[in-house]
Structure formats: structure tokens, C-alpha cells
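**Q** Those protein sequences? They're chains A and B, same order as listed.
Sequential numbering of the first sequence, starting at 1, is according to my numbering.
Sequential numbering of the second sequence, starting at 1, is according to my numbering.
Simulated from the structure, these hints should not be mistaken for lab results.
No false leads were mixed into what you were given.
Cross-link-like lysine to aspartate or glutamate pairs, in silico, EDC-like; alpha carbons within 20 Å at most:
(1) A/K56 / A/E45
(2) A/K110 / A/D83
(3) A/K98 / B/D56
(4) A/K42 / B/E27
(5) A/K110 / A/D78
(6) A/K93 / B/E59
(7) A/K98 / B/D38
(8) A/K98 / B/E95
(9) A/K98 / B/E59
(10) A/K93 / B/E95
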Amino acid sequence: QKEVEQDPGPLSVPEGAIVSLNCTYSNSAFQYFMWYRQYSRKGPELLMYTYSSGNKEDGRFTAQVDKSSKYISLFIRDSQPSDSATYLCAMRKAAGNKLTFGGGTRVLVKP
Amino acid sequence: DAGITQSPRHKVTETGTPVTLRCHQTENHRYMYWYRQDPGHGLRLIHYSYGVKDTDKGEVSDGYSVSRSKTEDFLLTLESATSSQTSVYFCAISESQGLTNEKLFFGSGTQLSVL
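The shape of chain A in the complex, shown without the other chains (with noise of 0.2 Å):
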């Protein structure tokens, strides 16, 4: 069993809903979590990152962690035509330096 699971998609949804993505994972040990995008033929880049549980929100993104369930989720509200891309999750433990992919799931957003 992967230490962090993400469901591939693709997911599509008409423009201007709302985009909710999610991973969980099993090691409890994960403290920090990231959310990249990567466009096709480009590299990841960051979009949120979080230490505790709760909310985060920047823009039109939340990340939310609750760390009880092992569930970390992302919400992208009033998605874009722009948004259509892949998203992977990502987790650290409190020591190391190594991060932890989930497999990412691609997102559609129609016009």
C-alpha cells in the first residue's frame, strides 16, 4: 500500500464550480503538506503549503489538513479554464528532508 493515495481522475467540472481535490495518507508521521500544479510538459510548482490542521486559504485556494483522519484536502472555488492541470499532494515528516508524493489527479475545467 502507497504511504499516500490520490485518485488519478480526471476530474471535470464546468467553469466557475468548485474544484475539491483530496489525499490521505497512512504514516502519521506526516507534519507538513503541499499542494503543487503542473501543467502539461512543465514542472510541479507550489500552491499551498501547511503545517497544522485546518484551513488555509489564499485567493481562490484552500487547503485543508485534519490530521486525525489522515485526509488533507484542496478546494479551488471559482475554477478556471486556467486551473486544468494536474495536482499532487505532498507530505514531509517533522524530521528529514525527504517529501512524499501522492500520484496527483488531473483536473478539467470546461469553458
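Please arrange chain B on chain A, whose structure you already have, making use of the hints.
**A** Below, chain B without anything else, positioned relative to chain A:
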């Protein structure tokens, strides 16, 4: 892509041949990483470097070696390429590994096909 250049962008090679991928950065960041990305597996760390001539293994290091003789360059070598090493390879850099900095900057990737 944050001052990171990967070369080549595409390569096709034959099984058993050595292959070297290059990552060049202009950000003067201390840490450099090599990842591979495969469908269903996400990004997996191959090797990383925390300074000139200082490198360490990641989770999928078998069959790969790295070298860093200058701050700006990090080379990944497939000693004898196999078909299982067909993948997209990403170089990444980061300024520090402190608690407040998880920001990895990624290059645009190298698509490697081993026939």
C-alpha cells in the same frame, strides 16, 4: 522555471548505454534534487545534493549515480540504461530545508525513452 535548465529535454537511447542528464541552476541554491515521474507513482526522489560534492540517495537510487562539482550543476547518470528507467526526470532546487521553506522549484523535465 525559476532559473533551472535541464538538458536534454528529450532523449531516446538503447538498453545498456550510459546516459547523463544535466541540471543547471542560476539561483545559487544549496539543495538540488533529481526526481522521476511515472504514471501511478507520482514523483519519486532518486538522489539529492546538499552542497558541492555532498550527495545522498533517495528512495529509487538503484542504477543511478550523481555528481555535483559546482554549485550550479547537478548531473544524473544512468550507468547502463534499462527499459524500466524510461520516465520523465525532473530536477528541483531549494534554498534551505528549514521548517519554513518547503518550496521546491522544478525544471521543465527530461523525457527519457530507453528502447
